[in-house]
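Based on these hints, arrange chain B on the given structure of chain A.
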Amino acid sequence: SQQGEEDPQALSIQEGENATMNCSYKTSINNLQWYRQNSGRGLVHLILIRSNEREKHSGRLRVTLDTSKKSSSLLITASRAADTASYFCATDMANFGNEKLTFGTGTRLTIIP
Amino acid sequence: EAQVTQNPRYLITVTGKKLTVTCSQNMNHEYMSWYRQDPGLGLRQIYYSMNVEVTDKGDVPEGYKVSRKEKRNFPLILESPSPNQTSLYFCASSLWGEADTQYFGPGTRLTVL
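Top line first, the protein sequences correspond to chains A and B.
Following the numbering used here, the numbering of the first sequence begins with 1 at its first residue and continues without gaps.
Following the numbering used here, the numbering of the second sequence begins with 1001 at its first residue and continues without gaps.
Mixed in with the good hints, there may be bad ones.
Far from chain A, by Cβ distances over 12 angstroms, these chain B residues were calculated [said to hold, decoys possible]:
1. V1004
2. Q1006
3. P1039
4. L1041
5. G1042
A partial selection of chain A residues facing chain B, derived with a Cβ cut-off under 7 angstroms [unchecked claim]:
6. G42
7. H45
8. I47
9. A78
10. F103
11. G106
Here are the simulated lysine to aspartate or glutamate pairs, DMTMM-like style, with alpha carbons at most 20 angstroms apart [said to hold, decoys possible]:
12. K100(A) / E1001(B)
13. K100(A) / E1030(B)
14. K100(A) / E1079(B)
15. K100(A) / E1053(B)
16. K56(A) / D1056(B)
Calculated from the structure, these hints are not laboratory results.
From the three backbone atoms N, C-alpha and C, an ideal C-beta is built for every residue, glycine too.
This is chain B alone, in the form it adopts within the complex:
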C-alpha cells in the first residue's frame, strides 16, 4: 500500500531534550516536506527536500533540522525543543514538479513541556 508513515504519532517531552520524528514513504517520490499545523494558522512549511542530499528552508525553519540521506526517509530533528514547538506535525511526499499531489502522513502530535 502506498503510504507515508511517521513515528512517533504522539510524543510528550521536556524543553531541551533532543528528539527526532521519522518520516518514510514507499512511493519512490523525489519530493518530501515537513509542515506544522497550529490552530488558526493552517499548515506552515518547515523544510522540504527535492531529492537526496537536497534540502531547503520553508517558511518556519527556525529550531528544526532535516536530512535526506536516502530517498525514502526524511527525518525532522529538534535539537533543543521549546514549548513554542508544541504542534501537530505532518510529513508529505510527492513526485517533483508542477501539479503534483502531495501525500500526507498521519501526523505527529508533539507536546514540549
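So that you can see chain A by itself, here it is in the shape it has in the complex:
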C-alpha cells in the first residue's frame, strides 16, 4: 500500500495565487521530501524536512510537518505558470535510510495565466 497519499489529486489556480497540497503517510519516518515532475520528465527535488522539524522554507516554498498527524503540506506562494507540474511527497521509513523512499501518487497542479 502507498506510504504517502497526496491531496488533492488535482488543483487549478490563477497565476499569483497560493497553492497548497497535502501529504499523509502511515508509518514513522526519518524525513519527508517533496519533488516536482514536469510532464513525462524526471523528478526534481524541492525540499526536505526532517522528522524533528515542523516548518521549512525555500524561496516561495513552505513545507510543514506534523508527525502526530502523520501529515505534511507544501505551500507555493505567488504561483507562476512555470509551477505547473505534478508534486510528490516521498518518505523514508524510520527503520530504514534513504534506500526505501516511498512516493505518493502526486498532486497535479495547473496554474492558469
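Just chain B now, kept in the frame of chain A:
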C-alpha cells in the same frame, strides 16, 4: 554537468524479447534505484543498490533483474517482458544515508506489445 542518464528514452518491444535499460550517473553516488511510474499509482520502487555488488528488492521486483558491477552503472534487465511491464521507468541516484536528495534520470517509456 552532474546528471543521471538513461537509454533508451523510448522503446517499443514485443512480449518475451529480452531487453536492458541502462542507467549511468557521474556523481560518484553510492546509491542507485529503479522506479516505475504508472497512472494513479505514483512511483514504485523496483530494485535498489547501496553500492557495487549490493542490490536489494524494492516493492515491485517481479519480472526484473539488476546488476551493479560498477559504481556509475545500474542496468535494469527484463528477461521476458510482458504487457503489464509497459510503464515509464526512472533511474535515480544519491549519496547513501539519511536525508539525501535523489537525482532522477529523464525516464524511459517502455511499451510491451
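Hints versus structure:
1. Chain A draws V1004(B) into its interface by the beta-carbon criterion, the shortest separation being 8 angstroms against a cut-off of 12 angstroms.
2. Look at Q1006(B): its CB is around 9 angstroms from the nearest CB on chain A, not clear of 12 angstroms, so calling it non-interface is violated.
3. Its beta-carbon lying about 9 angstroms from the closest one in chain A, P1039(B) breaks the requirement of being farther than 12 angstroms from that chain.
4. Separation of L1041(B) from chain A is inadequate, the least Cβ-Cβ distance of about 7 angstroms not exceeding the 12 angstroms criterion.
5. Against chain A, the non-interface label of G1042(B) is violated: not every CB pair exceeds 12 angstroms, the least being about 4 angstroms.
6. For G42(A), the shortest C-beta to C-beta distance to chain B is roughly 4 angstroms, which falls under 7 angstroms, so the interface hint holds.
7. At a threshold of 7 angstroms, the smallest CB-CB gap from H45(A) to chain B is about 4 angstroms, leaving the interface hint in force.
8. Interface hint at I47(A): violated, since its Cβ lies 10 angstroms from the closest Cβ of chain B, which is beyond the 7 angstroms cut-off.
9. Of the supplied interface hints, the one on A78(A) is violated, with its beta-carbon coming no nearer than about 25 angstroms to a beta-carbon of chain B, more than 7 angstroms.
10. Hint status for F103(A): holds, given a least beta-carbon distance of 4 angstroms to chain B, under 7 angstroms.
11. Using the Cβ-Cβ criterion of 7 angstroms, the hint placing G106(A) at the interface with chain B is satisfied: the shortest such distance is roughly 6 angstroms.
12. Between K100(A) and E1001(B), the direct Cα distance comes to roughly 27 angstroms. Violation of the 20 angstroms bound is thereby established for this hinted pair.
13. Distance restraint check for K100(A) and E1030(B): the Cα-Cα separation of roughly 14 angstroms lies within the 20 angstroms cut-off, and the hinted pair is therefore satisfied.
14. Straight-line distance between C-alpha atoms of K100(A) and E1079(B) comes to about 25 angstroms, which puts the hinted pair past the 20 angstroms bound.
15. For the proposed pair K100(A) and E1053(B), the alpha carbon gap of about 18 angstroms is at most 20 angstroms, so the pair holds.
16. A hinted pair counts as satisfied when its Cα atoms are at most 20 angstroms apart, and K56(A) with D1056(B) does not qualify at roughly 32 angstroms.
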